[in-house]
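Per my numbering, the sequence shown starts with residue 4, numbered consecutively.
Be careful, since some hints might not be right.
Claimed, not checked - Straight-line distance between alpha carbons at most 20 Å, and here's what the computed EDC-like set of lysine to aspartate or glutamate pairs gives: (1) K104 <-> E62; (2) K104 <-> D115; (3) K104 <-> D80.
No lab work stands behind these hints: they were computed from the structure.
Quantities reported herein were computed from a predicted structural model and do not represent experimental measurements.
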Amino acid sequence: MYDPAEHPHAAELRDAWRSVRDEDRSRGRSLLRIDGYARDPYGEFDMLDPAASLRARREGRPPGEPASAWAAPRPEDWALLTQRYGGVYVHGDVYWTVTRKNLAERRFDEVDVLGYIEGPA
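Throw the hints in and build the complete structure from the sequences for me.
Encoded structure:
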């Protein structure tokens, strides 16, 4: 239930999400995932591992080296914001990840983007 005065576009949004859900079911996979766990096309690894390694490299540290004397970049310190499957156009996924600390502080200028592209089938 919602108050139409507070959310005047709620019905349109609900219809849009319903069409995304129905399209996802017909294709057998989700085109858009918000929050939760990333889906690796091959089931080999969690996509947050490379995000933590890329951040360490960007900060001038070898992957796996502690960010400070007290903390290491660990996958559990990261959160998946969104995963988008490109479908027939891209044949791959794009992942938007952020550290949980930056998420709590609403620092979305610190979001990392990771692409996993297979190419045409």
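ask   = What hint numbers does the structure not satisfy?
value = none
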